[in-house]
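Position chain Z relative to chain F; hints supplied.
Residue numbers (the working numbering), protein chains in the order written: chain F, 2 to 106; chain Z, 153 to 642.
Calculated from the structure, these hints are not laboratory results. Treat the hints loosely; a few may be bogus.
[Claimed, not checked] Under 7 Å between C-beta atoms, here's a sample of chain Z residues computed to sit facing chain F: (1) Val-281; (2) Glu-288; (3) Tyr-295; (4) Gly-311; (5) Val-312; (6) Ala-319; (7) Gly-323; (8) Val-326; (9) Gln-387.
Being a predicted model, the structure only gives us computed values, none of them experimental. Yeah, the Cβ is synthetic: ideal placement off N, Cα and C, and Gly gets one too.
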Amino acid sequence: MITLGHYLVVSGMLFSLGLAGVIARRNIIIVYMCLEMMLSAANLALVGFSRFHLTNGLPDYTAQSLVFFTITVAAAEVAVGLAIIVALFRSKQSVDVESVTKLQG
Amino acid sequence: MSVFTIEAGLALLGLALLLLEAFKPDISRRTLGLTAIAGTSLALVLFIFAPHDNASLPGFIQPWHQLDSLALFYKGFSLVITILVLWLTLECAPYLTRFTVDGKLAEMFSLPLIVCAGMMWMASARDLVTVFVALELVTVSFYVLVAFARKSAFSLEAGVKYLILGALSTGVLVYGIAWIYGATGTMSFDGIAKALANPATSKTTALFGAAVLLCGLGFKVAAAPFHMWVPDVYQGAPTPVTAFLSVGSKAAGFVVLTRALNAFMAEGSIIGSEIQALILVVGSLTVLLGSLPAMFQASVKRLLAYSSISHAGYLLLALACRESARFDLSSGGVVAFYLATYLPMTVLGFLGLGLMRANGLGEDIKDFTGLAKRNPLLALLMTLSFASLAGLPLTAGFLGKLFVFLGLADHGYWGALSCAVIAAAAGFYYYFKTILAMYTTEGTDVPALTFSGPAKAVAGALALAILILGVYPKPLQKVLTSDRPAVVAK
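One chain only, chain F, in its complex shape:
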């Protein structure tokens, strides 16, 4: 029997993996993929909570509506983000995080 706990553990693992990737990876594209993974982790948690939060025997759909918004927003974010990363690659011929260290105090 799969319980709410199972979903939350998987979602927590996805979230931590994503966060670790954002901190440790040097390639901006991979960092960006890890960010998307964190959003998916949040979505999984939302759907899990929604499925196990029954009102009148039916799942509560508020959280699931947020999931659809998150997916849409993530798509918009990727569209804008990849455009900026491509612009960076054109000017520096690199997508390494080391290529963005000009601004320092």
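Here is chain Z on its own, set in the frame of chain F:
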């Protein structure tokens, strides 16, 4: 015409300008800019005369939208800052276009309108779904704006940094929302407050969710330890966008934070005291980590970025003080008051920076040397702006800080108060260091510096606002007191 229609109209105008530029590429940027400014000004006028009660909103939006005094204040605030930013863009256009790919500024005039609509929606959000969607509308538009001058390596780098950290904060925010929902079973702020007052709610889950959610919002308002991106992004972004980020984006973050904390720290909340302690610690850290590094900055733009962090710290400290009954202002009211005083002084500061760039000068403190000789009026206005940012009495900045300090003293938060006082003292040092540079007479053969008539008028109006708010703040206080007749609590 309802307030909601005005907001939707503003977003549509932004889209229309975007399409107009795409299909009629020979349209001049002056026409575009002036149309955007005229549209936003019209929206401001319509907004002032629109009915200000919940019943005036279209029925389908009422469950997710509210018009209380806080929402109305932030809506007006968003419109004013958008008009100023659009105008500043037009003023800075000659040198900004050198860094854009086709020498045009089209999206710089349409995206701020969309950002403005997003900020206005955020101000009246009643639940976390609306907050999330409006917040992302603002953030994604800002990704484009920050990286807009992409022939400049600095702007592009700032754009990439803002993109990565903004997306990270989005992920953290949604994860926090998920756990809050898990603990309380609802997304609406009223529902969360109600659920948290119920002792049966799991305290650990709620606390975890609230802390993660506050981390996500902390990124947006630049609270320590999530403030690292601010100096780089503010320095690299085009100056009008920096002003917009520093005032508009911050205000939008704080209205959400105010509403979230009102729910988390409501009467009888099971996690109220923990969250309050967290906000106090984060606020104290933020004022210090903003003010102390600012003393060692060579670039004025970067200095203003650090100062913006420390101002966020004061605002957080204001939010930690519940029920400051002293000025008829709730903690959210004190924050709104502080932001209202913060708007003219920050915009004036960035206006000065933009004018210096337009005259071919840099943004370092050494570029300010002898400014009083080049243009006494600009030097005087910048002095007023910096003195107000430091919190000199009789300027607007003083009253905002005074309210925060008195609130902290009333509650006996002496540790936080001492951090705030140290930060304010450091503030006096670095602001007056810049002012001093303006009035030194070394390098006497400096060329004169000119600025246009409209620029003088706007700068003068901002300076006047600083002085008036500093001497006679009563009208603003009245707008923010919660027993306003126009407000219908639902």
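Structure-based check of each hint:
1. Using the Cβ-Cβ criterion of 7 Å, the hint placing Val-281(Z) at the interface with chain F is satisfied: the shortest such distance is roughly 5 Å.
2. Taking 7 Å as the C-beta contact cut-off toward chain F, the hint placing Glu-288(Z) at the interface holds, the least distance being around 4 Å.
3. Satisfaction of the interface hint for Tyr-295(Z) is found here, the shortest Cβ-Cβ separation to chain F being roughly 5 Å, below the 7 Å cut-off.
4. The beta carbon of Gly-311(Z) is positioned within 7 Å of a beta carbon in chain F (closest approach about 5 Å), and the interface hint is therefore held.
5. Annotation: Val-312(Z) was flagged as interfacial toward chain F, and the flag holds, the nearest CB pair being 5 Å apart, inside 7 Å.
6. Interface restraint check for Ala-319(Z): the shortest CB-CB distance to chain F comes to about 4 Å, inside 7 Å, so the restraint holds.
7. A cut of 7 Å between beta carbons decides the hint on Gly-323(Z): the least distance to chain F is about 3 Å, and the hint holds.
8. For Val-326(Z), the interface hint holds, since its Cβ comes within 7 Å of a Cβ in chain F; the closest pair sits about 4 Å apart.
9. About 6 Å separates the beta-carbon of Gln-387(Z) from the nearest beta-carbon of chain F, less than 7 Å, and the hint is met.
Comparing the model with each numbered hint stated earlier shows that all of them hold.
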